[in-house]
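Protein chains in written order, with full-length UniProt numbering: chain A, 1 to 355; chain B, 1 to 319.
In short, the hints are calculated from the structure, not lab data. Just to be clear, a hint being listed does not mean it is correct.
What the hints assert, rightly or not - Selected chain B positions facing chain A (Cβ under 8 Å, derived; list incomplete):
1. Ala9
2. Ala12
3. Val55
4. Leu92
5. Thr108
6. Arg136
7. Ala139
8. Asp178
9. Pro183
10. Gly184
11. Gly216
12. Cys221
Just so it is clear, CB atoms sit at the ideal spot from N, CA and C, and this is done for glycine as well.
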Amino acid sequence: MREVAIVAFGQSDHRRDTAEISEVEMLMPVLHQVLDAVGLRAGEIDFTCSGSCDYLAGRAFSFTMTLDGVGAWPPISESHVEMDGAWALYEAWTRLLTGEAETALVYSYGKSSPGDLREVLTRQLDPYYVAPLWPDSVSLAALQAQALLDAEDTGADERALAGVAARSRTAAEGNPHAQLTGSPPPEALLEDPYVVRPLRRHDCPPVGDGAAAVVLAAGDTARRLCRRPAWIRGIDHRTEAHSLGVRDLTRSPSTRLAAERAGAFEAPVDLAELHAPFTSQELILRRELRLGEGVRVNPSGGALAANPLMAAGLIRLGEAAAAIHRGAADRALAHATSGPCLQQNLVAVLEGDDT
Amino acid sequence: MTPAPSPEALQAPLVVEFPFTRSLGPVQSAFLTGLRERTVLGVRTTDGRVLMPPVEYDPVTADELSDLVEVAPIGTVTTWAWNPSPRRGQPLPTPFAWVLVRLDGADTALLHALDAPGPDAVRTGMRVRIRWAGERVGAITDIACFEPYDGAGGGRAVPHTGEFTDPVDGIVAPARLDYTYAPGRAQSRYLKALAGRTTYGERCPSCRKVYVPPRGACPTCGVATDEQVEVGPRGTVTTFCIVNIKARNLDIEVPYVYAHIALDGADLALHARIGDIPYDEVRMGLRVEPVWSEDGRYPDHYRPTGEPDADYDTYKELL
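Looking at chain A on its own, in the form it has when it is part of the complex (with noise of 0.2 Å):
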């Protein structure tokens, strides 16, 4: 099979509110950030595909505003998901396994800030028997990380979750990008009041605006473009059924089961970057992937640092790449999630080559 490795990453500033610019101008910085690293021009990547989801900010085909940023005259092959990045990172993928394109890249972004964006995300769920609820998304989290504190074969207690975001929070301080940095101990952030019971404020992620890119090449090209290129070894994604009555919300089938198609048990991995918004759902995402002890998880501070959503996940790709990258991670997993409680979920295993 033809040898895909992702060559470059670039992200921006992820904030709050980025009410003075548009989606385009937020974007834009970041596609020329990872051209410039290859010294590729626009018109000289092979296929371009992007991730966006028009109803964060209200805005009707914001994505074709966006290409204007790319530079998309003469027409460019290219190709659009309305999901997380990570999932038009899996499609250039595919198009560069044919044969047919020896670059990609791949960006996405989302501007949450327009919106109310717990409620924006109801009208992804079932319409018929979940939507005319107005279920936020918090709160079908809180059902979720319930679940886990009431199954007896976790271990999961308050004081876990409140470890997983201290621990996120203060290793985003190494991350210039990130949102939220710095964290009290777990044990005063246990003091805080609920927003919705189980969970707390530091149980959640941020919700912000940001935008991420990369760029994918095949075999020599990516040799040619990068020192040590972040080879895709194995990629795969699946989905759980839709009805959150149906699933076992404390498990996450879909995770385990794209991480064996992508050869994540194959060999241990060093490095995981995992898309987990919620801090509930990365003991889960930690059981389904087995991953142990001595692997550094999030380094980044993950979605509770920086959670721009349809960016975040493909920001985990980018990080463990750039990991490889800069010779800090040989054999990585990154993992990115879409829809609520861990519905759909996408495992990538990458590699450097010996120094």
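Given chain A's structure and the hints, the job is docking chain B onto it.
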């Protein structure tokens, strides 16, 4: 905390509202009609499980399902979350618990609200029953909410035909989302100047083209346009159409002409209505100028200037 936008950025409220009209299949129709009649239906899978709420295809095997059963309006909370500040559209106006409830006779759980005095009165495993809405129409909201219950159990699921008189075959699901729209730097500059009756395009530093209205990026070169260039106010009709359909909420007599207009100095045509000329006399090359309403922040329409028509070669690249 939302920091104040920089002073040059415009913002405006934006409401997106749709009344989605959705049709129902046979299983969903029976379930929602049943709720109207205070009857709770599930569907039995080929391996004998009862799914409630019922769906038309088995989420595990993808088998088509139609074997309806009636389950009890009584059940057990399988997980919960305390919602201290209910939001617009949610089932109860006062603090409540979101719950997944497995009704007696069912193997899966339904998401809804539980009316309870406080979080200390809620726990996983507690027994609850449906509180029906006073007025029921065949929708999930026919269940007003659940309430605590300490009576007898509901027993096993029993077969049901799913037949009711006057079944519902669709739902109307209104959806409203409120935004604060911000157009960004380039469009804010454009809109502010326009309110002062000046039209600014922005020039691409690479290909030198002037875009109006500017959107912040050159779509050919993919770079920021940041040099403001005053264009117009006059321009040339590059192409047009004659509109014969009256738009709702628009007080314009049909037929009227809608045109692409290349403002003098611009490299991209914008579009606007042409007025003050019979519709069948509008032509390519017609020279036009903006007409501003009394307190308008943008031109109401464009009208002929009386100049000779522009030569085709002057605008052929802008078609």
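### Task
Return the numbers of the hints above that this structure violates; sort them in rising order.
2, 4, 6
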